[in-house]
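**Student:** If you're matching them up, the sequences are chains Y and C in order.
Heads up: the first sequence begins at 0 in numbering that gives the first Met the number 0, then just goes up one per residue.
Heads up: the second sequence begins at 0 in numbering that gives the first Met the number 0, then just goes up one per residue.
A hint or two may mislead.
One copy or two, it doesn't matter: identical chains are merged, so the pair holds either way.
[Said to hold, decoys possible] Listed next, the in silico SDA-like pairs over lysine to any residue satisfying Cα-Cα at most 20 Å (straight line):
1. Lys62 <-> Thr72
2. Lys46 <-> Leu35
3. Lys46 <-> Glu96
4. Lys62 <-> Gly87
5. Lys22 <-> Tyr70
These are computed hints drawn from the structure, not numbers from a lab.
Owing to the predicted nature of the structure, the values given are computational and were not obtained by experimental measurement.
Number of protein chains: 2
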Amino acid sequence: MKVTIVKVHVKSEFIEEFIQATKINHKNSVQESGNLRFDVLQSPQDKSQFILYEAYDSEESAKAHKTTPHYITWRDTVADWMASAREGMPYEGLLPEISSE
Amino acid sequence: MKVTIVKVHVKSEFIEEFIQATKINHKNSVQESGNLRFDVLQSPQDKSQFILYEAYDSEESAKAHKTTPHYITWRDTVADWMASAREGMPYEGLLPEISSE
């Protein structure tokens, strides 16, 4: 399982718009063939801080996500709403044991 | 969905022992009634850095985890293998939409 934890800091005036745009991305992303998780988290302490928790069955599936129309639309839609650049941290998912190709 | 992202820094000489002890905790934790995810991740850049990604259907289920025999056994087993104190960051899981009580 290939996991990316993406930290997203949204300008506070665009929090609701960000959630709405991300719902569409989420809905489509979980339908990608190699997708295992696409969780969207919000910090209760600072509602402008989000985490995208994205898990795929292989590097190829994770890379393919970034070429999908829904990802590209989301990326362009949210671009001006970012308070700072997104930070993606890659991890190897050890458990649950899902074979990575 | 109530999510906790726990950062774990393990002393490098105990990485394998930590993985084995955490496998047992994982296997039992995913069987808890309110558990939605219990993912164990390892940084490919620094194999002593782990993430536990724990999601529950409610605060009560998340709290109940810390009273289970498997959690307590794990906590005590790994205590001397920690390179620094674990850091748990709580998040509200917005998506997927799973009702929290």
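**Student:** Take the hints in turn and mark each one as holding or not.
**Tutor:** Hints and how they fare:
1. Lys62 <-> Thr72: Close inside one copy (16 Å), not across copies (39 Å); limit 20 Å.
2. Lys46 <-> Leu35: neither (26 Å within a copy, 23 Å between copies)
3. Lys46 <-> Glu96: between (33 Å within a copy, 17 Å between copies)
4. Lys62 <-> Gly87: within (13 Å within a copy, 29 Å between copies)
5. Lys22 <-> Tyr70: Only inside one copy: Lys22 and Tyr70 sit 11 Å apart there, 34 Å across copies, limit 20 Å.
Hint 2 from the earlier list is the only one contradicted by this structure; the remaining hints agree with it.
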